[in-house]
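Participant: Please build the complete structure, drawing on both the sequences and the hints.
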Amino acid sequence: MIETPPATPSDMPPPRRTPAQWALRLAPIALIAGLVVTFFALGLNRYLSMDLIREHGLGLQAYARDNYLTALVAFVLVYALATASTIPGPVFLTLLGGLMFGPVVGALAQSTGATLGSVVIYLIYRTALGTWLRAKFAAQAGLMDRIARGIDRNAFVTLLTLRLIPSVPFVLINATAGMVAAPLRPYILATFLGLLPSTFIYTWIGSGLGDLMRAGVEPDLNLLVSKFFWPLMGVAFLSLLLPLIIRLVQTRRGRTVE
0 MIETPPATPS
10 DMPPPRRTPA
20 QWALRLAPIA
30 LIAGLVVTFF
40 ALGLNRYLSM
50 DLIREHGLGL
60 QAYARDNYLT
70 ALVAFVLVYA
80 LATASTIPGP
90 VFLTLLGGLM
100 FGPVVGALAQ
110 STGATLGSVV
120 IYLIYRTALG
130 TWLRAKFAAQ
140 AGLMDRIARG
150 IDRNAFVTLL
160 TLRLIPSVPF
170 VLINATAGMV
180 AAPLRPYILA
190 TFLGLLPSTF
200 IYTWIGSGLG
210 DLMRAGVEPD
220 LNLLVSKFFW
230 PLMGVAFLSL
240 LLPLIIRLVQ
250 TRRGRTVE
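Under numbering that gives the first Met the number 0, the residue at position 131 of the sequence shown is numbered 130, and the numbers go up by one with no gaps.
If you are wondering where the hints come from, they were derived from the structure by calculation, not from laboratory data.
Backbone N, C-alpha and C define an ideal beta-carbon position, used for all residues, glycine too.
Hints are not guaranteed to be accurate.
[Stated by the list, open to error] Using C-beta positions, here's what the derived DEER-type ranges look like:
1. V103 with A32: 30 to 40 angstroms
2. R53 with T126: 39 to 49 angstroms
3. V103 with D50: 36 to 46 angstroms
4. L183 with R53: 19 to 29 angstroms
5. L188 with L76: 18 to 28 angstroms
6. D210 with T69: 19 to 29 angstroms
7. A61 with R148: 31 to 41 angstroms
Facilitator: So this is what it looks like as structure tokens:
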């Protein structure tokens, strides 16, 4: 008699969930969506704009100078909350971080807060959908299963590449990584390191805005573009040219291997 080998996790069908279980698992995602709607309904989005810099920038800078550690921890937590809530407009918080703490510390603080918030979103999507989707992908053994396995094999490089490109939606990476259950450790490291280049540019701009404001200049978007054109071109470089460079390197490596 031939014995059938036991099924491996990749051979097992996705677990069945009752409507109540689905509702419980999807509740955090629904809560986040509700928070975003409420945020805009109350008009709080005006605080994630240049108004934040004009009205409170110098005051928060002075507070950070007098209460450095408290301000730094608060900034990291606020940035983590903003990231976890998926509310748009964190670029203005990044500028504020540069104004308050300078480009280096501001960039490190922003990357720390954004990484913490990203982990929350990752875990929410992984808990709600990731385990179920991975089992479904494995059972179908199709394209999505190959993509998920490819991310597993080279998770750090794949996620780092996506993080380095500012034009790739930040929230989409967080949600997708959770839904395909990407390994957590390379996800955290790639998120923190991948954010630093573009973040440093923005915090450097924020630090320069502080100098202008102390000289009596009232900043707006036109001033931002005119005074910091070349640093902004650095962000554009990361968004437009970096993907082409990465593709070229990958193609060259593929030819070398052949």
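Participant: Does the hinted range 39 to 49 angstroms hold for R53 and T126 at CB?
Facilitator: holds, 40 angstroms
Participant: Falls inside 19 to 29 angstroms, the C-beta gap from D210 to T69?
Facilitator: This hint holds: roughly 24 angstroms between Cβ atoms.
Participant: Assuming the hint says 18 to 28 angstroms, is it satisfied by the Cβ distance from L188 to L76 or not?
Facilitator: holds, 21 angstroms
Participant: Given the hint of 31 to 41 angstroms, check if A61 and R148 actually sit that far apart at their C-beta atoms.
Facilitator: For R148 against A61, whose Cβ atoms are near 52 angstroms apart, the range 31 to 41 angstroms is violated.
Participant: If I claimed the Cβ atoms of L183 and R53 lie 19 to 29 angstroms apart, would that claim hold in this structure?
Facilitator: Violated, at about 39 angstroms.
Participant: Can the suggested window of 36 to 46 angstroms be confirmed for the beta-carbon pair V103 and D50?
Facilitator: violated, 26 angstroms
Participant: Please test the hint of 30 to 40 angstroms on the beta carbon pair from V103 and A32.
Facilitator: holds, 35 angstroms
Taken one by one, the earlier hints fail for this structure at numbers 3, 4, 7, listed in ascending order.
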